[in-house]
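*Asks:* The lines below spell out each chain.
2 protein chains.
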Amino acid sequence: MTKQHIISRQGVIYGVGLGPGAIDLMSVRADKLIREAKNIAFFRKSGRRGHARQIAHPLLSNNVVEFAMEYPVTTEIPSTDPQYNYILSDFYKTCCSHIQSLSDTGEDVIILCEGDPFFYGSFMHIYTRIQDVCPVEIVPAITGMSAAWTATKMPITWGDDILTILMGTLDLTQLEMQLRDTDAAIIMKIGQNLGKIKQALRSTRRFDDAYIVEYAAMANQTVQRLCDYDQEHAPYFSIIILHGQGRRP
Amino acid sequence: MTKQHIISRQGVIYGVGLGPGAIDLMSVRADKLIREAKNIAFFRKSGRRGHARQIAHPLLSNNVVEFAMEYPVTTEIPSTDPQYNYILSDFYKTCCSHIQSLSDTGEDVIILCEGDPFFYGSFMHIYTRIQDVCPVEIVPAITGMSAAWTATKMPITWGDDILTILMGTLDLTQLEMQLRDTDAAIIMKIGQNLGKIKQALRSTRRFDDAYIVEYAAMANQTVQRLCDYDQEHAPYFSIIILHGQGRRP
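As they're listed, the protein sequences go chains A and B. Under the working numbering, the first residue of the first sequence carries the number 207, and numbering increases by one thereafter. Under the working numbering, the first residue of the second sequence carries the number 207, and numbering increases by one thereafter.
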């Protein structure tokens, strides 16, 4: 608790993980916070309702005050372009100053986070900018990958299995090296990287064991062996799974 | 759904993840299933109340029927000894035949699982033995590692960070190789392996960045930099965390 907090009775900013998407896979703590929320904030693509907002929808009170944080860019500019960093940094700064102004007037704010807030989440960019100026509490959540391995109906890791979590945005050599040195693996951010990921799985002889889960724990969930998957690109909510085969009595 | 299920109206076996330990970090789905449970089953060490049982305690009805599955061995016999495998295999078989007998008489059984059922869990040994003979449903949960990184108040992974999950039971060379090739890391099963883990972190120059969390999300949670940790062995519920430092605007 900062000195400022004690003096001015700032509101608390809650980074609340919503989990993989099914409303009853939210934690009891998250469910309660969202039902009682007076202020919510969430990210969304411009022109969309926002996935986090949609998950939380049935729990929200009628008079909740909403702050939609609309990404100024998503994939229009490559993330390696300095312009991308500049635009996003400015966007996060603007979001944070609004959130901080709510906190400064004593209002609690529930920030709705898909998955777990500290696991590859956009909320982290808000967090690092407000953690020293507002009281913040984080509510962890079930990750999308947990819902994905559950959907395959096979345990992900046994005994001393090593599990490596990889982004499809890594280059081919890195993917191959990592896949060679692990027992179990999760690959996210598939999208346009599907061809490269398949190549890495083939060259490390792991292609035939891979599964792909689309929309884990959502109404339109599908589970397929990757070798039966005939899409050229995978939707944003897809996860590739390689199960560990470790020690078991 | 198996043919047998349709004919005999077997009860459903639920592998229900309890999450890291705080009762309100359980999912809404798990909370409801446990409150309504007529039969529960759980693992415990001989002579203990059982950690899973203790977490679920406040939610259980007075007339719930309990099946405590007491491990015949834990660390008395090394897991590499064939005798260990034989004893455990026999133990799981006995547990499963009781669970299946409940299912066969139409009873649903809630198996209480610490953490996430498919992530290094004992439940998996029951699951593989009953999945073809009983209807089974799995409820994923917040992992202990998620609670641990939340406790450190620092995000675990950013952008394209690679996250590797390692057991302290791996040998020194494997630990070193894995730590050298990853951005973020989680190390579990620390116990007697703490000295070896520290050595691997030192030789890969990652020791100063490591945190250790004991009892994440439980009443006695502690968070320390590993270099300030003066215990020789760590308790069962301890997790070492190396945070990723990936791309962030």
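Please keep in mind that the hints were generated in silico from the structure rather than gathered at the bench. Given the structure is predicted, the values throughout are model-derived calculations rather than measurements. Any given hint could turn out to be false.
[Said to hold, decoys possible] Far from chain B, by Cβ distances over 10 Å, these chain A residues were calculated:
1. Val-218
2. Gly-253
3. Leu-266
4. Asn-426
[Claimed, not checked] DSS-like cross-link-like pairs, simulated, lysine-lysine; straight-line CA separation at most 30 Å:
5. A:Lys-251 x B:Lys-359
6. B:Lys-359 x B:Lys-402
7. B:Lys-395 x A:Lys-244
8. A:Lys-359 x B:Lys-402
9. A:Lys-402 x A:Lys-359
10. A:Lys-238 x B:Lys-359
11. B:Lys-244 x A:Lys-244
12. A:Lys-359 x A:Lys-404
13. B:Lys-359 x A:Lys-299
14. A:Lys-299 x A:Lys-402
15. B:Lys-251 x B:Lys-395
All residues carry an ideal CB built from backbone N, CA and C; glycine is no exception.
*Asks:* Hints first: check each against the structure and report whether it holds.
*Replies:* A quick look at each hint next to the structure:
1. Val-218: holds (14 Å)
2. Gly-253: A:Gly-253 clear of chain B: closest Cβ-Cβ about 22 Å, beyond 10 Å.
3. Leu-266: Answer for A:Leu-266: holds, closest chain B Cβ roughly 15 Å.
4. Asn-426: Fine: 18 Å to the nearest Cβ keeps A:Asn-426 off the interface.
5. A:Lys-251 x B:Lys-359: Roughly 27 Å between the alpha carbons, so the hint for A:Lys-251 and B:Lys-359 holds.
6. B:Lys-359 x B:Lys-402: holds (26 Å)
7. B:Lys-395 x A:Lys-244: Cα-Cα ~42 Å, so violated.
8. A:Lys-359 x B:Lys-402: It is violated: about 35 Å lies between the C-alpha atoms, which goes past 30 Å.
9. A:Lys-402 x A:Lys-359: holds (26 Å)
10. A:Lys-238 x B:Lys-359: holds (22 Å)
11. B:Lys-244 x A:Lys-244: Cα-Cα ~38 Å, so violated.
12. A:Lys-359 x A:Lys-404: Given that 30 Å is the threshold and the Cα spacing comes to 22 Å, the pair holds.
13. B:Lys-359 x A:Lys-299: Cα-Cα ~20 Å, so holds.
14. A:Lys-299 x A:Lys-402: Outside the cut-off at roughly 35 Å; violated.
15. B:Lys-251 x B:Lys-395: Cα-Cα ~17 Å, so holds.
Comparing the model with each numbered hint stated earlier shows that hints 7, 8, 11 and 14 do not hold.
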